[in-house]
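Chemist: Okay, here's what each chain looks like letter by letter:
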Amino acid sequence: MAAGDRSDTRLSARFGANDKVALDETIRKAERLSRVEFSVFVGHAEGDPRAYAVSLHATLAAPARSILIMVDPDARALEVVTGSHVRRTLRDTQVELAVAQMQSLFASGDLVGGLRRGIQMLAEHARAPLTLHAELQ
Amino acid sequence: MVHALLLLGGVPLLLFLAITVAVYIPSLVRGDRITPGQPPVENQWLGGPRTGTAELKGPESEDADAGGASGRW
Chain A
1 MAAGDRSDTR LSARFGANDK VALDETIRKA ERLSRVEFSV FVGHAEGDPR AYAVSLHATL
61 AAPARSILIM VDPDARALEV VTGSHVRRTL RDTQVELAVA QMQSLFASGD LVGGLRRGIQ
121 MLAEHARAPL TLHAELQ
Chain B
1 MVHALLLLGG VPLLLFLAIT VAVYIPSLVR GDRITPGQPP VENQWLGGPR TGTAELKGPE
61 SEDADAGGAS GRW
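Protein chains in written order, with the working numbering: chain A, 1 to 137; chain B, 1 to 73.
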């Protein structure tokens with residue numbers, strides 16, 4: 001798809017039961033892998049999407065250890081907010097890669113597929129690197 | 001006469017009601033919208049706070065060093 005080309009494909013903004021099960025499973029696996037908490041918000045962003053997503057992130061139980069993915073299907077807005085602790089292992093450039101992948105799937109009308117792929121990518125990048133040569137004190 | 005009217009009017013009416021109930025009850029039980037048209041965007045959380053979006057906090061209140069990325073499609 002050319003840059004700036006707004007696809008006419010509309011995302012179905014309501015999850016079915018199977019979609020919720022699939023997303024819950026993806027989130028559980030991602031949290032086990034990365035040891036950070038994932039939250040997904042799909043809905044209407046009031047005002048500036050970025051500011052709204054940051055506000056939503058602040059309402060989570062442990063914002064510093066959480067990743068929030070916010071999708072506004074009407075505004076075609078996607079925001080990923082990472083907490084300060086998460087940023088130690090997950091750089092913003094890595095988040096941008098996941099966002100690009102999600103954008104691509106959203107543009108083809110696949111909301112659930114995009115979310116699942118994005119969560120998986122974020123979890124893989126957020127996973128703390130294995131320490132192979134830890135010094136014993 | 002009355003019996004005939006009840007039979008001719010009541011049976012179709014009962015059938016109509018029975019079919020309507022059979023069609024709509026499963027959707028209502030699942031919580032689906034039954035009105036026609038494009039469904040509005042409903043706020044849905046997966047793994048989010050229990051309080052919803054009622055009490056939003058400012059970015060400086062909990063984790064001022066938040067990062068991430070944005071995208072549009």
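These are computed hints drawn from the structure, not numbers from a lab.
Accuracy of the hints is not assured; some may be wrong.
[Stated by the list, open to error] Here are the in silico distance ranges between beta carbons for each label pair:
{"no.": "1", "chain 1": "B", "residue 1": "Tyr24", "chain 2": "A", "residue 2": "Asp74", "range": "36 to 46 angstroms"}
{"no.": "2", "chain 1": "B", "residue 1": "Thr20", "chain 2": "A", "residue 2": "Glu25", "range": "29 to 39 angstroms"}
{"no.": "3", "chain 1": "A", "residue 1": "Glu96", "chain 2": "B", "residue 2": "Tyr24", "range": "40 to 50 angstroms"}
[As the list claims (entries may be wrong)] To spell it out: a stretch of chain A is covered by chain B in this simulated footprint if at least three of its residues, at any positions, have a beta carbon under 8 angstroms from a beta carbon of chain B; those stretches are:
{"no.": "4", "stretch": "22 to 29"}
{"no.": "5", "stretch": "52 to 63"}
{"no.": "6", "stretch": "116 to 130"}
A virtual CB, placed ideally from N, CA and C, is assigned to each residue, including glycine.
Chemist: Please go over all the hints and tell whether each is borne out by the structure.
Modeler: Now the hints, each set against the structure:
no.: 1; hint: B:Tyr24 to A:Asp74: 36 to 46 angstroms; in the structure: 27 angstroms, violated
no.: 2; hint: B:Thr20 to A:Glu25: 29 to 39 angstroms; in the structure: 37 angstroms, holds
no.: 3; hint: A:Glu96 to B:Tyr24: 40 to 50 angstroms; in the structure: 46 angstroms, holds
no.: 4; hint: 22 to 29; in the structure: holds (count 3)
no.: 5; hint: 52 to 63; in the structure: holds (count 11)
no.: 6; hint: 116 to 130; in the structure: violated (count 0)
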